[in-house]
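Here the structure of chain A is known, so what remains is to put chain B in place on it, guided by the hints.
Number of protein chains: 2
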Amino acid sequence: MTIKNFSVEKKMKFYFAGSIRGAEDKEILEQNHELITYLNSIGTVLTEHVGDINISGTGQEIPDKQIHDRDMRWIEESNAVIANVSIASLGVGYEIRRCIELNKPTLCLYKCQSKKLSAMIAGSSVPVRSYENVSDAIEIIYEFLSGIK
Amino acid sequence: MTIKNFSVEKKMKFYFAGSIRGAEDKEILEQNHELITYLNSIGTVLTEHVGDINISGTGQEIPDKQIHDRDMRWIEESNAVIANVSIASLGVGYEIRRCIELNKPTLCLYKCQSKKLSAMIAGSSVPVRSYENVSDAIEIIYEFLSGIK
Chain A
2 MTIKNFSVEK KMKFYFAGSI RGAEDKEILE QNHELITYLN SIGTVLTEHV GDINISGTGQ
62 EIPDKQIHDR DMRWIEESNA VIANVSIASL GVGYEIRRCI ELNKPTLCLY KCQSKKLSAM
122 IAGSSVPVRS YENVSDAIEI IYEFLSGIK
Chain B
2 MTIKNFSVEK KMKFYFAGSI RGAEDKEILE QNHELITYLN SIGTVLTEHV GDINISGTGQ
62 EIPDKQIHDR DMRWIEESNA VIANVSIASL GVGYEIRRCI ELNKPTLCLY KCQSKKLSAM
122 IAGSSVPVRS YENVSDAIEI IYEFLSGIK
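In order, the protein sequence lines correspond to chains A and B.
Residue 2 is where the first sequence starts when you use the working numbering, and the numbers rise one by one after that.
Residue 2 is where the second sequence starts when you use the working numbering, and the numbers rise one by one after that.
Same shape as in the complex, but just chain A (with noise of 0.2 Å):
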């Protein structure tokens, strides 16, 4: 794969969605902070706390109000949203429904094992990934990047 050149390429924004406050399940919030890793890497993420495992459980010390007009800023501004949608999350369905209104190009993750996806999110307009580790997780963004004008 030719990650580097794509880099180079292209220095893209990201925003990452993945459950925070509900984050019982560590191995994906550990495969949530190695993706950002790897899109760092490849350009910038505005969510990087969403992988901050110190973070999750509690959420983040600011206003909810802040906390929620801060993100739909950044879903704005980026140029494209990549979701894990292996753990119910409020927060998440409310972004992948914004990143429709706002026709952003949107990629759901899914993990191999988790439990039936939401049909709200199957039935959606977005396309949903399975995945098995992260290495594979990083195949299916790398495609899916490729495919972005």
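Any given hint could be a false lead.
Identical copies look the same in the list; a pair holds intra-copy or inter-copy alike.
Unchecked claim - Dumping the calculated EDC-like pairs for lysine to aspartate or glutamate here, alpha-carbon to alpha-carbon at most 20 Å:
#1 K112 <-> E77
#2 K12 <-> D70
#3 K116 <-> D26
#4 K116 <-> E62
#5 K117 <-> D70
#6 K117 <-> D26
#7 K112 <-> E133
#8 K112 <-> D26
#9 K14 <-> E133
#10 K116 <-> D65
#11 K117 <-> E102
#12 K12 <-> D65
#13 K112 <-> D65
#14 K27 <-> E144
#15 K117 <-> D65
#16 K117 <-> E62
#17 K12 <-> E31
#18 K14 <-> D65
By construction, these hints were calculated from the structure, which means they are not laboratory data.
Please read all numbers here as calculations on a predicted model, not as lab measurements.
Chain B only, in chain A's frame:
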């Protein structure tokens, strides 16, 4: 309370949003069932299956796209949306954002003692009210519906 008079004045259609597939919390599921029964006494609930304990866990046996498109249509058709946001859910988050897009009268109900609510919901423009039990929640719904023109 003059609930009966209320039902005579308006025959409203309601969209009730709540976690289905992810709902392991039977208490919330039973509360949803009771709230839907109440709403059906004053109008029509389009999403009656949300309170159906038999389909939770596995979800409905129709294709995801069909569920998605039907639910999006039902949101548009409804006069008001009541969402129970006590359980993390991609679908409910997605539906709430759709309500905001449509400027649909929407109320989020949140059970006290539930985990901290997602900042995307708590910080959005949709009102969130916490409740302790079903009769409490019914009072909140009644007050909310009375305010809809």
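request  = Would you pick out the hints that fail for this structure and give their numbers low to high?
outcome  = Hints 1, 2, 9, 11, 12, 14, 17 and 18 contradicted; others consistent.
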